[in-house]
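Protein chains in written order, with the numbering used here: chain A, 1 to 115; chain B, 1 to 117.
Everything labelled a hint here was simulated from the structure, so no lab data went into it. Mixed in with the good hints, there may be bad ones.
[As the list claims (entries may be wrong)] No farther apart than 20 Å at their CA atoms in a straight line, the calculated lysine to aspartate or glutamate pairs in the DMTMM-like style are these:
| # | chain 1 | residue 1 | chain 2 | residue 2 |
| --- | --- | --- | --- | --- |
| 1 | B | Lys38 | A | Glu8 |
| 2 | B | Lys44 | A | Glu15 |
| 3 | B | Lys38 | B | Asp77 |
| 4 | B | Lys52 | B | Asp77 |
| 5 | B | Lys38 | A | Glu16 |
| 6 | B | Lys44 | B | Asp77 |
| 7 | B | Lys17 | B | Asp62 |
| 8 | A | Lys114 | A | Glu15 |
| 9 | B | Lys44 | A | Glu42 |
| 10 | A | Lys77 | A | Asp54 |
| 11 | A | Lys60 | A | Asp84 |
[Unchecked claim] Ranges of calculated distance between the beta carbons of each label pair, as one might list FRET restraints:
| # | chain 1 | residue 1 | chain 2 | residue 2 | range |
| --- | --- | --- | --- | --- | --- |
| 12 | B | Gly16 | A | Thr71 | 27 to 33 Å |
| 13 | A | Ser79 | B | Ser80 | 32 to 38 Å |
| 14 | A | Pro115 | B | Leu27 | 34 to 40 Å |
[Stated by the list, open to error] Computed footprint of chain B on chain A, listed as stretches where at least three residues anywhere in the stretch have a Cβ under 8 Å from a Cβ of chain B:
| # | segment |
| --- | --- |
| 15 | 40 to 47 |
| 16 | 83 to 93 |
| 17 | 101 to 114 |
Just so it is clear, CB atoms sit at the ideal spot from N, CA and C, and this is done for glycine as well.
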Amino acid sequence: GNSVTQMEGPVTLSEEAFLTINCTYTATGYPSLFWYVQYPGEGLQLLLKATKADDKGSNKGFEATYRKETTSFHLEKGSVQVSDSAVYFCALSGGSSSNTGKLIFGQGTTLQVKP
Amino acid sequence: DAMVIQNPRYQVTQFGKPVTLSCSQTLNHNVMYWYQQKSSQAPKLLFHYYDKDFNNEADTPDNFQSRRPNTSFCFLDIRSPGLGDAAMYLCATSRVFPGTGVGATQYFGPGTRLLVL
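Taking the hints into account, I'd like the entire structure generated from these sequences.
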C-alpha cells in the first residue's frame with residue numbers, strides 16, 4: 001500500500017540556517033504530494049503541494065520538488081526563522097482511480113529554531 | 001474567507017458522558033473527514049463522508065459515530081468517552097472528483113481539544 005516516510009526529529013537549528021526535511025514515498029500511479037505545517041495548539045495548514053513529477057511547490061520561502069525517479073519530496077528553506085518552529089507533515093493523496101481524497105501522512109518532523 | 005470551522009476549540013467532558021464536536025465548512029466541498037491526533041503524532045483518520053456516503057476506517061472504535069446532515073456540517077459523536085479518547089480532533093474537507101485519481105487537497109479546521117475527566 002501507499003506510505004510516506006519522513007526523517008525523524010526533532011530538528012534543531014539556529015536562526016538563518018538552511019533547512020532540509022527529507023520525505024520519501026511509496027505509491028501506485030501518480031499521487032499528489034503535500035507538506036502541511038502544524039503550529040502548537042493549531043490545526044494543520046497546507047504549506048505547499050505538487051501534483052505531478054518535476055513540479056516545484058513553494059510558499060513562504062519553503063520549497064519542495066516532486067522527484068518521481070527518487071520517489072522523494074524533500075522540504076527546504078534557505079534561512080529559517082524562530083517563527084518556523086512547528087511540526088511538519090509530508091503527505092500524499094490520490095494516484096489511483098479509487099481515489100477518495102484520503103491522505104497518507106508521514107510521522108511528522110518537529111522543527112525547533114533557536115535565536 | 002472560505003474556511004473550515006470547528007466548535008468548540010476546547011471541550012471538557014466527564015468519563016462516560018456523551019459529547020458532540022461540530023464542524024462546518026463554507027468551501028462547498030463534497031468530502032469531509034474526521035481525524036484524531038495525539039501529541040505531535042500524525043493525524044489518524046477515523047472516518048469520512050463522500051457526499052452522503054459514510055466511510056468508516058476499519059480500526060475506528062464503535063464508540064465514535066458521525067453525522068452529516070447537509071453539505072456544510074458534520075458532527076463527531078463520542079458515545080462514552082474514556083480517558084484514552086483525550087486528544088485533538090481535526091475536521092478537514094476536500095473537493096474530490098470521482099474516478100480521476102487526482103489527489104485532492106485537504107483543508108483543515110483549527111481542531112477541538114478534548115479533555116476527559
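Right, here's what the structure says about each hint:
1. B/Lys38 with A/Glu8: 17 Å, holds
2. B/Lys44 with A/Glu15: Outside the cut-off at roughly 32 Å; violated.
3. B/Lys38 with B/Asp77: Within the cut-off at roughly 18 Å; holds.
4. B/Lys52 with B/Asp77: 17 Å, holds
5. B/Lys38 with A/Glu16: 31 Å, violated
6. B/Lys44 with B/Asp77: 16 Å, holds
7. B/Lys17 with B/Asp62: 15 Å, holds
8. A/Lys114 with A/Glu15: 6 Å, holds
9. B/Lys44 with A/Glu42: Holds. B/Lys44 to A/Glu42 sits at ~16 Å (cutoff 20 Å).
10. A/Lys77 with A/Asp54: The hint holds at about 18 Å.
11. A/Lys60 with A/Asp84: 10 Å, holds
12. B/Gly16 with A/Thr71: 27 to 33 Å: At 46 Å between Cβs, range violated.
13. A/Ser79 with B/Ser80: 32 to 38 Å: Because 50 Å falls outside the window, the suggested range is violated.
14. A/Pro115 with B/Leu27: 34 to 40 Å: 37 Å, holds
15. 40 to 47: holds (count 6)
16. 83 to 93: holds (count 4)
17. 101 to 114: holds (count 8)
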